[in-house]
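Number of protein chains: 2
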Amino acid sequence: MHRHSRQRKVILDVLKRTKTHPSADWVYREVKKEIPNISLGTVYRNLKLLQSIGEVTEISCEGNEGRFEGNSHLHYHITCQKCGQIKDVDDIILHDIEGKVARATGFKITNHCVGFAGICPACLE
Amino acid sequence: MHRHSRQRKVILDVLKRTKTHPSADWVYREVKKEIPNISLGTVYRNLKLLQSIGEVTEISCEGNEGRFEGNSHLHYHITCQKCGQIKDVDDIILHDIEGKVARATGFKITNHCVGFAGICPACLE
DNA sequence: AATAATAACAGGAATTATTACTATTATATT
DNA sequence: AATATAATAGTAATAATTCCTGTTATTATT
Ligand SMILES: [Mn+2]
Ligand SMILES: [Mn+2]
Ligand SMILES: [Zn+2]
Ligand SMILES: [Zn+2]
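First to last, the protein sequences are chains A and B.
First residue of the first sequence? That's 17 in my numbering, and the numbers climb one at a time after it.
First residue of the second sequence? That's 17 in my numbering, and the numbers climb one at a time after it.
It cannot be assumed that every hint is accurate.
Intra- or inter-copy, both count: the list cannot distinguish identical chains.
Claimed, not checked - Taking lysine-lysine pairs in the DSSO-like style, the calculated list, with each CA pair at most 27 Å apart, reads:
1) 98 x 35
2) 103 x 32
3) 32 x 48
4) 116 x 35
5) 25 x 124
6) 32 x 64
7) 124 x 35
8) 124 x 98
9) 98 x 49
10) 64 x 98
11) 124 x 103
12) 116 x 49
13) 98 x 116
14) 49 x 124
15) 49 x 64
16) 48 x 116
Derived by calculation from the structure, the hints in this document are not laboratory data.
From just these sequences and the hints, can you work out the full model?
The structure is reproduced here in structure tokens:
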């Protein structure tokens, strides 16, 4: 069973309170302010565990591997190829696409992801 | 300007003739059968160059980073979480989604990707 | 409250994928 | 043929992630 550790709690808190989509290392440095001797392995271990219980999501589109967020509701992402920021795209959800692809491929589909790449308004100036 | 090298040609040939979505290392081992002393760095360098001229695409959804294909027409992918195979999903293309997201976000969008994960028919047995 | 079992930890080593470096070779141009 | 330099092989370096091991902290049980 899962025990509660201070490390796990702070890692999740850090993720819940940021609106960005940080890397494991950013989380590590952030948690370090509160728990100076936390180890990077602990961050990775907990990010994985928190994912397995649905508290944390890892983004997986458009070269954004290794970016995490404490937000498990389905949504997509867009990345600025100039400044690197990753923003949520909340406006659009493709509700029916998994069923469509299931019928077309014969796969049992468990999830899907959609990612966009481009230039953000600020970088367009 | 680009010169023609045997290495580059064979790397592209290998990618064009496979229907899988191989890793750089698989390409390396495959090319090695024809050019035994090719170096892995050459494979990476050429994969990147071939991408830049649109001859090669790197997949970027659902944890499939680092998989390549010699096929640049827009299509999506589905990965079997059990056996790891990556298949093309040719049936569906979201033509209008980039415009929709551009309007919603203010980004200038250059491309998008869609990935599915699930269990393939064979692994469902 | 004390004891016992073990999940979780810190710190460091190991692994893997990718990129960078450098002296040499091959290609295109004159 | 001579020249300029893109591209290469081979190796070293970097970065992200996982693994390992001895120690600590949490929970359940007494
Ligand atoms: Mn998000
Ligand atoms: Mn494909
Ligand atoms: Zn930007
Ligand atoms: Zn399968």
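To see whether the hints hold, each was checked on the structure:
no.	hint	result
1	98 x 35	within (19 Å within a copy, 33 Å between copies)
2	103 x 32	within (15 Å within a copy, 35 Å between copies)
3	32 x 48	within (16 Å within a copy, 48 Å between copies)
4	116 x 35	between (32 Å within a copy, 23 Å between copies)
5	25 x 124	neither (34 Å within a copy, 38 Å between copies)
6	32 x 64	within (15 Å within a copy, 36 Å between copies)
7	124 x 35	between (32 Å within a copy, 22 Å between copies)
8	124 x 98	between (37 Å within a copy, 11 Å between copies)
9	98 x 49	neither (30 Å within a copy, 40 Å between copies)
10	64 x 98	between (29 Å within a copy, 19 Å between copies)
11	124 x 103	between (29 Å within a copy, 13 Å between copies)
12	116 x 49	neither (47 Å within a copy, 41 Å between copies)
13	98 x 116	between (34 Å within a copy, 21 Å between copies)
14	49 x 124	neither (44 Å within a copy, 37 Å between copies)
15	49 x 64	within (21 Å within a copy, 39 Å between copies)
16	48 x 116	neither (45 Å within a copy, 41 Å between copies)
In summary, the numbered hints that this structure violates are 5, 9, 12, 14 and 16.
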